[in-house]
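So the sequence lines, in the order shown, correspond to chains A and B.
According to our numbering, the first sequence is numbered sequentially starting from 1.
According to our numbering, the second sequence is numbered sequentially starting from 1.
There's no promise every hint is true.
Just so you know, same-sequence chains aren't split out, so a pair can sit in one copy or run between any two.
Calculated cross-link-like contacts (lysine-lysine; reagent style DSBU-like; alpha-carbon spacing at most 35 Å) [stated by the list, open to error]:
hint, residue 1, residue 2
1, 82, 46
2, 105, 89
3, 142, 100
4, 82, 105
What the hints contain is simulated information worked out from the structure, not anything from laboratory work.
Number of protein chains: 2
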Amino acid sequence: MADKAIQDYYPDEFAHCYGCGPLNEAGMKIKSYWDGEEAVCHFTPKPCHSGGVPGFAYGGLIASLIDCHGAATASAAKLREKGYSLGEKPLPRFVAASIKVDYLKPTPLGTTLEVRARVKEIKDRKVTVSVTLSAAGEICAKGEELFIQLQQWSVQTGYPKPVE
Amino acid sequence: MADKAIQDYYPDEFAHCYGCGPLNEAGMKIKSYWDGEEAVCHFTPKPCHSGGVPGFAYGGLIASLIDCHGAATASAAKLREKGYSLGEKPLPRFVAASIKVDYLKPTPLGTTLEVRARVKEIKDRKVTVSVTLSAAGEICAKGEELFIQLQQWSVQTGYPKPVE
Numbered sequence: 001m002a003d004k005a006i007q008d009y010y011p012d013e014f015a016h017c018y019g020c021g022p023l024n025e026a027g028m029k030i031k032s033y034w035d036g037e038e039a040v041c042h043f044t045p046k047p048c049h050s051g052g053v054p055g056f057a058y059g060g061l062i063a064s065l066i067d068c069h070g071a072a073t074a075s076a077a078k079l080r081e082k083g084y085s086l087g088e089k090p091l092p093r094f095v096a097a098s099i100k101v102d103y104l105k106p107t108p109l110g111t112t113l114e115v116r117a118r119v120k121e122i123k124d125r126k127v128t129v130s131v132t133l134s135a136a137g138e139i140c141a142k143g144e145e146l147f148i149q150l151q152q153w154s155v156q157t158g159y160p161k162p163v164e
Numbered sequence: 001m002a003d004k005a006i007q008d009y010y011p012d013e014f015a016h017c018y019g020c021g022p023l024n025e026a027g028m029k030i031k032s033y034w035d036g037e038e039a040v041c042h043f044t045p046k047p048c049h050s051g052g053v054p055g056f057a058y059g060g061l062i063a064s065l066i067d068c069h070g071a072a073t074a075s076a077a078k079l080r081e082k083g084y085s086l087g088e089k090p091l092p093r094f095v096a097a098s099i100k101v102d103y104l105k106p107t108p109l110g111t112t113l114e115v116r117a118r119v120k121e122i123k124d125r126k127v128t129v130s131v132t133l134s135a136a137g138e139i140c141a142k143g144e145e146l147f148i149q150l151q152q153w154s155v156q157t158g159y160p161k162p163v164e
């Protein structure tokens with residue numbers, strides 16, 4: 001697996017996400033890597049990341065992992081579609097337009113979670129991604145997501161404008 | 001509005017959620033209250049809760065708020081359906097089976113977010129909830145969620161068993 005994660009190629013101005021931004025010092029800094037046709041992310045939650053019951057993860061953490069890992073996968077897939085490897089060209093940055101998470105079973109803490117993403121479709125600047133989140137080999141949650149590529153930074157709004 | 005939030009009535013064994021558990025010292029401790037037929041939650045993100053771009057919230061935070069506030073709404077609605085007010089009977093605890101979040105526009109930081117939930121259906125131990133998340137009066141995200149009431153704590157698994 002590569003030394004540098006997909007997120008490590010995010011342009012600095014888009015690298016501040018609490019979930020996945022290398023420049024967010026307080027954040028979770030998740031890391032995603034190509035693994036063949038899928039992208040994989042490993043994350044070990046802290047005990048404080050519990051759901052209502054100690055020892056199991058809260059739903060928001062699971063949604064965060066699925067969201068951020070899916071966005072990284074969309075970015076890397078878009079670059080790959082254009083025929084480039086990571087680092088060869090600036091990485092396009094995607095944000096979620098919609099995510100659906102099905103919580104299939106309780107996700108335990110105290111173990112490393114594996115998040116796997118697979119691109120279902122790339123259509124212009126829209127990328128749909130399917131994600132699974134597993135603990136000890138068992139799928140605990142599934143995600144279906146639609147991401148949209150950001151086109152440009154808007155000085156006026158301070159926010160990158162989504163592509164029309 | 002009531003002094004005590006819905007979450008303040010969670011039984012201690014179910015009060016450890018990072019997003020909404022009163023007993024999770026490191027957590028966000030969101031608070032939900034009835035406001036007529038809706039339940040409302042106000043939350044002010046920290047600067048570190050940014051998405052890729054500083055000044056706007058990351059998607060996982062938005063999903064967390066929608067998840068936790070929806071779960072509280074489901075709990076309180078189930079109690080109300082039985083004819084009881086908060087505090088009159090132990091509050092049933094719900095967990096998400098599925099959430100869908102549509103991100104309609106960037107959610108700014110630096111302001112208090114308002115999350116509003118409305119129960120669409122209560123069917124036995126399943127409750128469906130619709131949620132909006134707004135900043136400065138503008139809806140930035142919408143959620144549709146299915147929650148399932150937990151029935152009992154399982155000593156064997158350390159996790160409350162979802163109801164069959």
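Going down the list of hints, with the structure as the test:
1. For the identical chains of this complex, residue 82 and residue 46 are neighbours neither inside a copy (38 Å) nor across copies (37 Å), given an alpha-carbon limit of 35 Å.
2. In the homo-oligomer, the alpha carbons of residue 105 and residue 89 lie at most 35 Å apart only across protomers (28 Å), although the nearest pairing inside one protomer, at 40 Å, exceeds that limit.
3. Proximity of residue 142 and residue 100 under a CA criterion of 35 Å is satisfied in both settings, with 8 Å inside one chain copy and 12 Å between copies.
4. Taking the closest pair of Cα atoms, residue 82 and residue 105 come within 35 Å of each other only across two copies (28 Å); inside a single copy the shortest separation is 38 Å, beyond that limit.
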